[in-house]
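Novice: Letter by letter, the chains look like this.
There are 4 protein chains.
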Amino acid sequence: MKLNDHASGRHFLQIPGPSPVPDRILRAISLPTIDHRGPEFGALGLQVLAGLQRVFQTQHPVIIYPASGTGAWEAALANTLSPGDAVLMFETGHFASLWHKLALRFGLAPEFLALPGTDAAGLPNGWRRGVQAGLIEERLRADAGHQIRAVCVVHNETSTGVTSDIAAVRRAVDAARHPALLMVDTISGLACADYRHDAWGVDVSISGSQKGLMLPPGISFNALSPKAIAASRTARLPKAYWAWDEIIESNKGGYWPSTPNTNLLYGLAESLQMLHEEGLGAVFARHLRWAEGVRAAVRAWGLETQCVDSAVHSPVLTGVVLPAGIDADRVRRTIHERFDLSLGTGLGKIRGRMFRIGHLGDSNDLTLLATLAGCEMGLKLSGVVLAGSGVQVAMDLFAAQPQRAGAPVS
Amino acid sequence: MKLNDHASGRHFLQIPGPSPVPDRILRAISLPTIDHRGPEFGALGLQVLAGLQRVFQTQHPVIIYPASGTGAWEAALANTLSPGDAVLMFETGHFASLWHKLALRFGLAPEFLALPGTDAAGLPNGWRRGVQAGLIEERLRADAGHQIRAVCVVHNETSTGVTSDIAAVRRAVDAARHPALLMVDTISGLACADYRHDAWGVDVSISGSQKGLMLPPGISFNALSPKAIAASRTARLPKAYWAWDEIIESNKGGYWPSTPNTNLLYGLAESLQMLHEEGLGAVFARHLRWAEGVRAAVRAWGLETQCVDSAVHSPVLTGVVLPAGIDADRVRRTIHERFDLSLGTGLGKIRGRMFRIGHLGDSNDLTLLATLAGCEMGLKLSGVVLAGSGVQVAMDLFAAQPQRAGAPVS
Amino acid sequence: MKLNDHASGRHFLQIPGPSPVPDRILRAISLPTIDHRGPEFGALGLQVLAGLQRVFQTQHPVIIYPASGTGAWEAALANTLSPGDAVLMFETGHFASLWHKLALRFGLAPEFLALPGTDAAGLPNGWRRGVQAGLIEERLRADAGHQIRAVCVVHNETSTGVTSDIAAVRRAVDAARHPALLMVDTISGLACADYRHDAWGVDVSISGSQKGLMLPPGISFNALSPKAIAASRTARLPKAYWAWDEIIESNKGGYWPSTPNTNLLYGLAESLQMLHEEGLGAVFARHLRWAEGVRAAVRAWGLETQCVDSAVHSPVLTGVVLPAGIDADRVRRTIHERFDLSLGTGLGKIRGRMFRIGHLGDSNDLTLLATLAGCEMGLKLSGVVLAGSGVQVAMDLFAAQPQRAGAPVS
Amino acid sequence: MKLNDHASGRHFLQIPGPSPVPDRILRAISLPTIDHRGPEFGALGLQVLAGLQRVFQTQHPVIIYPASGTGAWEAALANTLSPGDAVLMFETGHFASLWHKLALRFGLAPEFLALPGTDAAGLPNGWRRGVQAGLIEERLRADAGHQIRAVCVVHNETSTGVTSDIAAVRRAVDAARHPALLMVDTISGLACADYRHDAWGVDVSISGSQKGLMLPPGISFNALSPKAIAASRTARLPKAYWAWDEIIESNKGGYWPSTPNTNLLYGLAESLQMLHEEGLGAVFARHLRWAEGVRAAVRAWGLETQCVDSAVHSPVLTGVVLPAGIDADRVRRTIHERFDLSLGTGLGKIRGRMFRIGHLGDSNDLTLLATLAGCEMGLKLSGVVLAGSGVQVAMDLFAAQPQRAGAPVS
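Keeping their order, the protein sequence lines are chains A, B, C and D.
Each residue of the first sequence is one higher than the one before, starting from 6 at the first, in this note's numbering.
Each residue of the second sequence is one higher than the one before, starting from 6 at the first, in this note's numbering.
Each residue of the third sequence is one higher than the one before, starting from 6 at the first, in this note's numbering.
Each residue of the fourth sequence is one higher than the one before, starting from 6 at the first, in this note's numbering.
Calculated directly from the structure, the hints in this document are not laboratory data.
All figures in this text were calculated on a predicted structure; none of them were measured in a lab.
The reader is advised that the hints may include incorrect statements.
Where chains are identical, the list cannot tell them apart; a pair therefore holds if satisfied intra-copy or between any two copies.
[Claimed, not checked] Derived DSSO-like pairs: lysine-lysine, alpha-carbon spacing no greater than 30 Å straight-line:
(1) Lys232 / Lys106
(2) Lys354 / Lys232
(3) Lys232 / Lys257
(4) Lys354 / Lys385
(5) Lys106 / Lys354
(6) Lys232 / Lys385
(7) Lys106 / Lys385
(8) Lys257 / Lys385
(9) Lys257 / Lys106
(10) Lys257 / Lys354
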């Protein structure tokens, strides 16, 4: 197995996940596999479970699945709902749409709320903004019979670069005095953006390994609330692999009922240690600063970010909208071929209109400036007329503001 | 992340999976994660999918899940069956029992055939022998209305060290002229023991990464037949993450609909390359020879193997039954503490009565002799009176018969 | 052993050696150490010896020492000279001066030719230009009695960024009809700049692992000519560890008389394979293009390169002279602390006046642009007034000229 | 770069060095190379220099060379002696002979003391015993004019498996009231056998990385005394690369005057950490126990060890003498081909008569039993009639005596 044989220098993986994996983590996952029933493993299990609680900011159980994030979406629904249950979802972009599609396919009755219409650029309004808590509140108030069993939203919409206000969604549910469970996909938000499972009253948080945790893909998570656990006792969708009960029981000793993903758990232990060493507050501040630099570059180029609400720009990634008539995927290919830089494609309804720059994982000021340089050169080579140099503006910003340790997270 | 800090020398992981992972594979999985939507990934995907077909000896699709083997059990059922369907399963040991329990939990109506009774040693007769094809044929003949939708058996029962005759099961189903699907768990059999998905007419074969493929756990497989694919089109159990249709479609280009387990796929590519270099026939012959050496040692000690039918001894592992009154887990702990050697515990109905020696993965004559030496010393230290030296007998056997390349697999 | 624990992202090692080591090579050196007397080792030895001949462009023996480049300097002298021998050396910078000092210390009588004087910037004239072949010819002509036993020059002067014309030196020696041996230090030139041991009539070429070969430091080389080998038979300086005769004899089977540096030889095999895959011509073209980009940036900043002769700019590194009154090492420290970027210090007579940017090893357009961005930000932060943006100019240049495979080296 | 592609399982490297390198160390040496002039490096340098002092049990400087042990032999002589100096050496085996040859070649006048004669087996008496301190005392007493400038002996003779009593040599020199320097090669003794540079009054201790320190080859050491440092100020052999003075000066900050072997120093830091975690006393006890087990096996086979003086059996390796008429190298080849086990060859005067089993490095009871099993099978396959099973005896011994932490080293 060889990668990138002929090229000189490191590939720049600047998609919004899988993120560039730090060497420390790559080394950890290559340690010899051990007996998942032995005492050394139990200690590892307890360590990663406790560390995940700190990252989700929760006192309640966190479930680790050997599965991708899609599996963790399914797990959240399978554990808490019954066939045909009504679910309220909100269309913030492609990943919200995929979760909606999964719910449909899984035999639920999801309702997909969205901001209507498209804007001047022909892009759907709802894909440029966050979850509209007001619409959710309104819909829940109308559900006098409490048919809706769950509200499902995406925290950080990886397809657009919008980080929704989850606390506002919680307040909306509470204001409507509605008993629905609140389920939040923070697959790409966790460990990049502040996320507070307990404080925000989330019932099931869904996340994955390959974004802020900086691991390869392959494990994903459900963080639970007591209300979600209670719901799982009566929910009637079939569940076995995903079932929380046996996992929670087995986790008490640091073990799992079926074979865990041992080597990725080594990586998770290393990741949690790195996050602990730096401090979550500093981690969040670091991503905010990077995002600010990248957005400044996009503005300097005279281009628009996909997100148009300055309150909800993502610290994790930035969507860059290209002028009409420019095929964003052709630009991406040029950049990939010429500068060995991978960017995220436009997904679903905005395919071909934009690309996405990930600013997460094993990065620093210089790798981000290199990324912006690759974009800037590639845009020009593709015939996009730029208003100015984004690299220059980002250099000025990074030089002016040293990276600082963030305030501690309360 | 550090393992085994204070000890000198390598740990001996001789459980029947996860198997000792070769360095080549550990190195492969630590390569930098790449874009799972990029061209380099597509080539990797096509390569591992083709390689898996060779290992399953099939022309039909093989599905790769980021999941443990338990997930692949669930996937096989979820894709092909409808709520409440009758399924015929056969109790060969603990893993057959776990699959049965999963089917129950998943809303099916599994019937669990078994050989009745216990033997003189107090061990269940069915846990010392393979699948009884005659009993299956008899039961299917009695199912005139064809209510039974699937026959589910375990190829290599990891809890006992018995490798059942799958071709005989196929003949039994055919003899009964019954339309049930044949599903086979070859999680620990694949790539150790000869396994022929197409030739044996298996509809769904289930396997995992952490046994004969010598990978860490974390990915698992369904190999399909056209009949199974047809069944999946009408089956009504909810399925989304496990659904074959989207995966088969996406696999055509070497991609997956949800995020694949990139780094374990690097390991899989390396594993398939290693199996290809050696040749499957040589791989099977190697495991058979090791198993013969280990069984000779058990006989020399004057102990019984768990398997009592010489036609179905497993090439993958050997269960060692201890004399009444000896706690097998205490023996295992002594061996682990004194000689840094992990052995498999007795599971389920035979807990405490036996332990299991894995002879698979990155091993050779000397590591197996070291394993037998650890067992022999630990048994004596635990007060087990041995009839003779198993190490001596195994040395004689290994010295007398050089490892040879096996005959090619037709 | 942990490095760089707290930082996010990769360190930028842009000193002119040790160069950034490719992952392929780091992985190779971590393979298990083998028996240096076994058959597998002999095959490895023959492989690296043949590969080195291709890189030195020679048909004659190449000696590998477990030693730094300084050791290989000493070896060249110890094998060919006798106590008190006169040697003609040329002062091109700090490394030429160190070699001269070593010769003195080693009991030889080195004469150190140099261009006289300093320029307007107060920098020694000879440290901004290459070897002056005319001065050498003149001096050799004056040595009617042929007391001078060797002419020693540096091919790529790592302290200044000047690559001297070795063919011209050869012509000078020939023109003077002088029998002196020609010894050339190409420690930092080999495998970055074109270097032709045989075609240029070099008698001993000295090189090391940690520059163009992209290995960690620890092994170094002497490439020999028949004339040098003949000289070694009568030379009277004591030699044992460095003695060519036993090594050449032992090398015939791929072995060494004393214990070789096994794991670095794994890395060397990988390095030679990488150079072979790319082709030496492409390798040289790649470094020339990078150097052009970096020099363009320096010009755009309004700063001078250390090298003032456009015929001999180094493809390996660029020296950047800072305005009078600016402490170059303070600038370097600022860049290191703020941007995790290591640059080369000014050495010897130009300490504090300049810094050096390495453009070799595991690099690409984007890592070099990141390096220039780090320099540009750090220069500004240090109060250096820049005429323009070097990053911008280098982006334009890199975008305009795709990296191409170079012409084959004849 | 691939090793051992086609084989299953780990190679057994049981030569007496290079020793099996622990994974922790292989991983450490593959960390990215850093700037050897930067602050992070200085901290590393100080750490390894301090750690080495603890291992040599000295308060005085230890010099690290990027060189093999042969280089460190030369360095010890080059720093302290002048051309033509008389040196007294003692023939304990092949490595003592090589050092003697090096001294001759280096322009010294070494005298080579030895026990005369051969024994019944036709083996040289002196190669089966340790340094005879009495002969040294006698010779020094006869040197009334103090022409002898140094006494040079080997601590652990790697070619025979004899560990000489260095304290006795010190007493002999003192008893003779002779001012000669005492130089000791502990290349294969250090960090396996107790070694006390200061307490034993050694002036220069020579060692290497690839034995008890469990590193790959490539760095070697001189531990100094104040008397040796004083001698180096007046000694007149040419020295530059080996010269202690500049290295000692540069080491004060954790740096080196020429490029150090960065990645092997990472491994050295890890090795020193491992030795520190275990404690030197426990390390020595571990090797003694292993050696006892291996010798018991040799006795059980009815064969002789090369060492015939029970007071000086080496804890590092055991030489096994084969019956007359058996070609030991043919036996070794058989063992290598059939069981993937490398053993040490007989060297020099005992070539073909014996082989050597290394019991050092990353080993444990089970790997040593595997090694003995490989030897036992190979001896039988080669037609050697064995009196009994060495494996059985070693199992009994290892089972009877658990490995314990050794007493602390005073």
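Novice: State for each hint whether it applies.
Specialist: Each hint tested on the structure:
1. Lys232 / Lys106: both (25 Å within a copy, 27 Å between copies)
2. Lys354 / Lys232: neither (35 Å within a copy, 36 Å between copies)
3. Lys232 / Lys257: within (20 Å within a copy, 42 Å between copies)
4. Lys354 / Lys385: For Lys354 and Lys385, the Cα distance is within 30 Å only inside one copy (25 Å; across copies 44 Å).
5. Lys106 / Lys354: within (15 Å within a copy, 43 Å between copies)
6. Lys232 / Lys385: Neither: 53 Å inside a copy, 53 Å across copies.
7. Lys106 / Lys385: Answer is neither: 38 Å inside a copy and 52 Å across each miss the 30 Å cutoff.
8. Lys257 / Lys385: neither (56 Å within a copy, 34 Å between copies)
9. Lys257 / Lys106: So Lys257 and Lys106 pass the 30 Å test across copies only (22 Å; inside, 34 Å).
10. Lys257 / Lys354: Between. Shortest inter-copy distance 23 Å satisfies the 30 Å Cα cut-off; intra-copy 44 Å does not.
Checked against the numbered hints above, the structure violates hints 2, 6, 7, 8; every other hint is satisfied.
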